[in-house]
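Dock chain B against the given chain A, drawing on the hints supplied.
Next come the chains, spelled out residue by residue.
Protein chains: 2
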Amino acid sequence: MDKLFVIKIGGNIIDDKERLSLFLKEFAAIEEKKILVHGGGKLATRLAEDLGIQQKLLDGRRITDAETLKIVTMVYAGYINKNIIATLQSFDCNSIGLSGADGDSILAHKREHPGLDYGFVGDVDAINADLIYTLLNKNISIVFAPITHDQKGQLLNTNADTIAQEIAKGMSNIFDVELVYAFEKNGVLLNADDDKSVISKINPEYYKELKEKQRIFAGMIPKLDNAFSALKNGVNKVLIGKAENLKLLIQGSSGTAIVND
Amino acid sequence: MDKLFVIKIGGNIIDDKERLSLFLKEFAAIEEKKILVHGGGKLATRLAEDLGIQQKLLDGRRITDAETLKIVTMVYAGYINKNIIATLQSFDCNSIGLSGADGDSILAHKREHPGLDYGFVGDVDAINADLIYTLLNKNISIVFAPITHDQKGQLLNTNADTIAQEIAKGMSNIFDVELVYAFEKNGVLLNADDDKSVISKINPEYYKELKEKQRIFAGMIPKLDNAFSALKNGVNKVLIGKAENLKLLIQGSSGTAIVND
Chain A
1 MDKLFVIKIG GNIIDDKERL SLFLKEFAAI EEKKILVHGG GKLATRLAED LGIQQKLLDG
61 RRITDAETLK IVTMVYAGYI NKNIIATLQS FDCNSIGLSG ADGDSILAHK REHPGLDYGF
121 VGDVDAINAD LIYTLLNKNI SIVFAPITHD QKGQLLNTNA DTIAQEIAKG MSNIFDVELV
181 YAFEKNGVLL NADDDKSVIS KINPEYYKEL KEKQRIFAGM IPKLDNAFSA LKNGVNKVLI
241 GKAENLKLLI QGSSGTAIVN D
Chain B
1 MDKLFVIKIG GNIIDDKERL SLFLKEFAAI EEKKILVHGG GKLATRLAED LGIQQKLLDG
61 RRITDAETLK IVTMVYAGYI NKNIIATLQS FDCNSIGLSG ADGDSILAHK REHPGLDYGF
121 VGDVDAINAD LIYTLLNKNI SIVFAPITHD QKGQLLNTNA DTIAQEIAKG MSNIFDVELV
181 YAFEKNGVLL NADDDKSVIS KINPEYYKEL KEKQRIFAGM IPKLDNAFSA LKNGVNKVLI
241 GKAENLKLLI QGSSGTAIVN D
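The listed protein sequences correspond, in order, to chains A and B. Going by our numbering, the first sequence opens with residue 1, and the numbers climb by one from there. Going by our numbering, the second sequence opens with residue 1, and the numbers climb by one from there.
Chain A with its partners taken away, still in its complex shape (with noise of 0.2 angstroms):
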């Protein structure tokens, strides 16, 4: 089976035009087949501030009301996405930017929680494995935008993270799939303080015993048992680690690797 990495950069890289273009330099130089989702960045909240519309919160939470999905759509599937593309068009890698309704790529449904109404917050049903299988043989890399929508003609604001796993995990029945989680740290971290003290390795059995010794960062854990999870669907590896050094990172040698033994 070929190779297919599903690559997921968090907001925080979004937001600087300089580390953003290195990181897609060193994305465009993958050989392999490789699927990129990218998150938000501070650009939407700027520009929600901007135009005076107040982030709604319920109990703490932000909620997506219909101005927030608007501004997001425009920024995320907009301005942040099309800017990726023909960057990476300009680094001669052929890509092509999706929402989830494009090609239908991403099917989900509006989060249904008893008591709290998140808005309209998407959870995900289904991935399009035909038009992505049939874009990345014609070898156009695809860039995700955290929008999905309900085949009822409703965009969702969906979870880059969660976009990712699925992907990853309805892709591999056909590709051999490393999921990447590329953010701002060095990887999983003994240390939440040290940025040098990176776990290179973490199965199983290893997880049971830092989660016992509680020597894991409590933020850390809803993304290692989603990378568990996704282990446990299919995906191949999952590598946890610094945007920049994306080349070591899914060479193996940097970050966190993730796996089943």
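To be clear, the hints were calculated from the coordinates, so they are not data collected in a lab.
Examples of chain A residues lying across from chain B (beta carbon under 7 angstroms, computed):
hint, residue
1, Asp50
2, Thr73
3, Gly78
4, Tyr79
5, Lys82
6, Ile85
7, Ala86
8, Gly97
9, Ala101
10, Asp102
11, Asp104
12, His149
13, Gln151
14, Leu155
Each residue gets a CB set at the ideal place from its N, CA and C atoms; glycine is no exception.
Then chain B, alone, in the frame of chain A:
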């Protein structure tokens, strides 16, 4: 050869959610292969006003400066394009929304004009017929936003009429192409004030006669010149008529048909 409709909708209908939805329902119902090219509408202008960004004019012409480009990218390629796609998906029309940067589908260069800098405005150089064919062949309709790129990392604001024409011409080797300009009027009118005075058919000789007798509205002449240029470059027929009558228009029972003979 299979038939392909390349349909351009004007800005006017984009601003009217209900009319747009009715138009998209008729578009979705077209059984032949189809591409939609949309303009901008007033949303970009309103957003610029809300953000306090002043429209730059030079010798009476709009200039696309960096801030304006950012806004049109957000509004055209983000908000309008993705909402059109979500709506088409709800009508069971599988469709994909692209800018010209996506899949290098429309390559352009920044307009050069002696003594006048239009800003980030693109003139089309080439379309990617292979990608367009691949998607259409998978029964995915394509919806183009009027944003292109220059392969050097720069997005460019580009006239939607021109994009429709270039795509129609560029696909005419593979398909029997009909280019449709759907706008607010019933077609090309003999009397600009009488919406019932539609000319049902114009061929080159009749066009010459209409121009000589000055029986044609001056504003229509560039559109008609473009239509005849498209016919000279492989397009089979150009149809001009009311967006709301799309079904009748493509059946030939409404609007104006521009033909070679």
